[in-house]
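S.K.: Chains A and B supply the protein sequences, listed in that same order.
Going by our numbering, the first sequence opens with residue 1, and the numbers climb by one from there.
Going by our numbering, the second sequence opens with residue 1, and the numbers climb by one from there.
Be aware that one or more of the hints could be misleading.
Stated by the list, open to error - FRET-style restraints, in silico, Cβ to Cβ:
#: 1; chain 1: B; residue 1: Leu54; chain 2: A; residue 2: Leu140; range: 25 to 35 Å
#: 2; chain 1: A; residue 1: Ala51; chain 2: B; residue 2: Met60; range: 54 to 64 Å
#: 3; chain 1: B; residue 1: Met58; chain 2: A; residue 2: Val136; range: 30 to 40 Å
#: 4; chain 1: A; residue 1: His76; chain 2: B; residue 2: His161; range: 32 to 42 Å
#: 5; chain 1: B; residue 1: Leu56; chain 2: A; residue 2: Gly329; range: 49 to 59 Å
What the hints assert, rightly or not - So the derived list for chain B, only partly shown, Cβ under 8 Å to chain A, looks like this:
#: 6; residue: Phe66
#: 7; residue: Arg138
#: 8; residue: Leu142
#: 9; residue: Val196
#: 10; residue: Ala231
#: 11; residue: Tyr262
#: 12; residue: Val265
#: 13; residue: Leu279
#: 14; residue: Leu284
What the hints assert, rightly or not - Chain A stretches covered by chain B per the calculated footprint, using a threshold of three residues with CB under 8 Å from any CB of chain B:
#: 15; stretch: 137–149
#: 16; stretch: 272–278
#: 17; stretch: 299–308
Rather than coming from a laboratory, the hints here were simulated on the basis of the structure.
Backbone N, C-alpha and C define an ideal beta-carbon position, used for all residues, glycine too.
Here is what each chain is made of, one letter per residue.
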Amino acid sequence: MNLVIYALRRLAISIPVLLVGTFVVFMMVAAAGDPLAELKGRPNINPAAIAETERQLDLDKPIIVRYFLWLWKFLHGDWGVSVAQGNAMAPVFPKVMDAFEVTVRLVVGAEILALVIGVAVGVLAAVKQYSIWDYVATTLAFFLFSMPIFCVAIVLKTYAIEINGWVRDLGLTDWLGNPWLRTTSPENLSFDGVGDFFAKYSGAFLLPTLSIMAISFAAYSRFQRASMLETLNMDYVRTARAKGLSSSRVVFRHAFRNALIPVATLFSVNFGQVLTGAIITETVFNWHGMGTLLVDSVNHLDPSTLMGWLVVVAVMVVVANLVADLLYGIMDPRIRVG
Amino acid sequence: MVAGEAASAAQREGTLPPEALPEPVSQGRLVLRKFVRHKLAMISTAVLVLIVLLALIMPMFWPHSFEDASNPSFAAPSADFPLGTTQVGKDMVSQVLRGTQFSLLIAVIVSVVATLIGVIFGSLAGYLRGFTDSSLSRLTDLFLIVPQIAAAAIMAKVFGHGSWIVVAIVLALFAWMPIARITRAEAMALSQREFVEAAKAAGAGTGRIIFRHLVPNMVGSITVNATLAVAQAVLVEAALSFIGLGVQPPDTSLGRIILENYAQVQNRPWLFFGPFVVLVLISLSINFIGDGLRDAFDPRQRRMKA
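All chains, full assembly: derive it from the sequences and hints.
M.R.: See the structure below:
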């Protein structure tokens with residue numbers, strides 16, 4: 001019960017933060033320039049039509065009024081329409097939600113894989129500290145951490161073409177499809193049978209997943225190694241060893257479970273970093289997710305789309321932070337949340 | 001470190017016989033000695049210094065100017081053009097040199113500004129607690145609500161349309177939060193110590209306590225985090241420019257150069273791998289230096305890893 005009240009209070013505190021955040025961004029976008037500039041720049045455009053569009057989009061009103069109009073409509077479920085050219089005043093809500101779905105599908109799998117592999121490697125490196133495994137894992141993490149994510153994506157994309165060539169040479173195209181690894185967005189994947197499903201999805205998701213994983217894996221494995229080392233040096237672990245418990249029981253039942261706590265919270269706090277990775281990866285691989293949506297709407301100064309994007313992302317950040325805090329309290333009873 | 005300073009001060013004033021203490025060593029020299037013994041950090045320092053010097057000096061001697069587009073288009077690497085030329089016929093080496101200048105300059109500005117803001121906010125919050133702390137942490141929440149790269153993309157568009165200094169300042173405005181958080185925790189712990197109480201009793205004001213007593217004791221973590229922030233900034237700036245929302249021509253950066261040339265990676269890999277290798281070398285070496293500094297500043301750390 002305490003937790004519920006705590007969670008509600010935290011959410012209540014973040015409402016003003018969200019309001020101020022949307023207000024500031026709204027002002028900035030409004031100050032950045034005229035969203036209809038592209039439309040007005042067209043030859044043979046009727047001034048009356050422009051005035052009509054402006055009225056429809058409330059662009060004829062003062063900025064402050066526009067913000068509150070936007071807020072009022074937004075809270076009533078009307079997210080406005082996109083002004084970007086070629087979108088024909090498409091409503092923002094489905095656009096943002098589609099993009100969000102694409103990004104979630106891309107990111108969730110990548111993050112879970114990165115977490116599982118990162119934790120496993122981190123534990124291994126800590127248990128066998130200063131062994132060859134430790135050095136390999138630490139070096140790899142260090143390199144990946146210093147690597148620009150878009151370059152990882154570009155390199156993967158380049159070598160994918162060669163791997164597709166090998167797949168062809170080995171005669172695996174019947175199973176894996178031709179080309180197997182896709183370097184662009186997998187719109188409408190259709191498949192028949194389990195094998196085909198596996199081949200198509202692995203081909204479509206493998207490269208972007210790897211490039212999002214790269215940096216997350218580095219962070220998780222380094223974090224897990226540090227936290228595992230700290231736990232292994234604790235008195236209660238020594239006690240467990242002194243009692244004569246088997247090494248694996250000490251490592252997994254005693255140390256590992258407690259060493260997971262910091263990483264579990266990093267997993268939620270890391271959300272912004274993950275989104276950054278998604279923005280870049282989507283750009284390289286041409287997925288139509290939140291990343292490409294951001295780039296497009298910033299380039300077109302598309303206020304409603306940008307605001308919809310912002311609210312979805314900001315709410316996710318708030319929720320992720322809350323989950324991190326709650327997890328901390330649940331996993332470590334010494335810490336009282338609330 | 002405080003005890004050590006007091007002891008050496010006492011020794012300087014002759015209140016302790018000199019032979020009662022080992023050779024007096026200042027903290028700075030201790031850190032430097034440990035850092036110099038850190039092999040990887042020293043190699044990284046050498047690499048970084050080399051890159052910086054090349055980026056600053058080489059353009060003066062290099063036969064091709066970065067603006068000169070009169071060379072053949074897409075020339076293959078040769079003695080004349082070690083990294084080939086771009087589509088419009090610009091020499092790639094001079095592009096990379098200029099991009100390195102901008103990338104480093106932006107990253108250093110980001111780190112300095114972010115560290116300044118972070119240290120001031122963090123130590124104010126940690127020392128004063130109460131209302132200052134809670135309002136500053138609300139402000140931190142506000143800045144954390146959008147990922148740095150997205151906020152910077154929007155703001156770089158609003159102010160100045162991608163001039164390098166605007167990109168630097170905008171990135172810095174969204175980079176101080178982690179530093180503030182670390183500084184706050186440290187300032188909070190230090191504020192409980194006797195020397196702060198003594199300073200307070202002696203009548204020192206908030207500013208004096210923060211800048212004369214707290215900050216000097218946090219020098220280790222500030223240096224380490226500022227260094228790591230440079231590496232982060234190099235990567236974030238490159239990513240921002242790569243998605244086309246960062247630095248815009250006539251300014252440039254390594255990320256921008258990669259954006260302009262990566263389509264050629266299949267046929268002319270040198271146009272991509274040239275700027276890519278420099279970018280990775282910069283970020284790797286700064287990260288290693290930060291790691292070395294962390295070990296050097298850590299008084300518990302005795303064993304020196306490679």
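S.K.: State for each hint whether it applies.
M.R.: Results for each hint:
Remark: the range hint 25 to 35 Å for leucine 54 of chain B to leucine 140 of chain A is upheld by a beta-carbon distance near 28 Å. The supplied range of 54 to 64 Å is met by alanine 51 of chain A and methionine 60 of chain B, whose beta-carbon atoms lie about 57 Å from each other. For the hinted restraint 30 to 40 Å between methionine 58 of chain B and valine 136 of chain A, the CB-CB distance of approximately 36 Å keeps it satisfied. The supplied range of 32 to 42 Å is met by histidine 76 of chain A and histidine 161 of chain B, whose beta-carbon atoms lie about 35 Å from each other.
Between leucine 56 of chain B and glycine 329 of chain A the CB atoms are about 52 Å apart, so this pair conforms to the stated range of 49 to 59 Å. Because the closest C-beta pair between phenylalanine 66 of chain B and chain A is about 22 Å apart, greater than 8 Å, the hint is violated. The interface hint given for arginine 138 of chain B holds, since its Cβ lies 6 Å from the closest Cβ of chain A, which is under the 8 Å cut-off. Interface hint at leucine 142 of chain B: satisfied, since its Cβ lies 5 Å from the closest Cβ of chain A, which is below the 8 Å cut-off.
At its closest, the beta carbon of valine 196 of chain B sits 27 Å from a beta carbon of chain A; the interface hint therefore is violated under the 8 Å criterion. The beta carbon of alanine 231 of chain B comes within 7 Å of a beta carbon in chain A, closer than 8 Å, and the hint placing it at the interface holds. Satisfaction of the interface hint for tyrosine 262 of chain B is found here, the shortest Cβ-Cβ separation to chain A being roughly 5 Å, below the 8 Å cut-off. Of the supplied interface hints, the one on valine 265 of chain B holds, with its beta-carbon coming within about 5 Å of a beta-carbon of chain A, less than 8 Å.
Look at leucine 279 of chain B: its Cβ gets to within about 6 Å of chain A, closer than 8 Å, so that hint holds up. For leucine 284 of chain B, the shortest C-beta to C-beta distance to chain A is roughly 4 Å, which falls under 8 Å, so the interface hint holds. Only residues whose beta carbon comes within less than 8 Å of a beta carbon in chain B count, and the stretch 137–149 of chain A has 7; three or more means the coverage holds. Only residues whose beta carbon comes within less than 8 Å of a beta carbon in chain B count, and the stretch 272–278 of chain A has 4; three or more means the coverage holds.
Check on the stretch 299–308 of chain A: 3 of its residues sit with their Cβ under 8 Å from a Cβ of chain B, so the three-residue criterion for coverage holds.
Comparing the model with each earlier hint shows violations of hints 6, 9; every other hint is respected.
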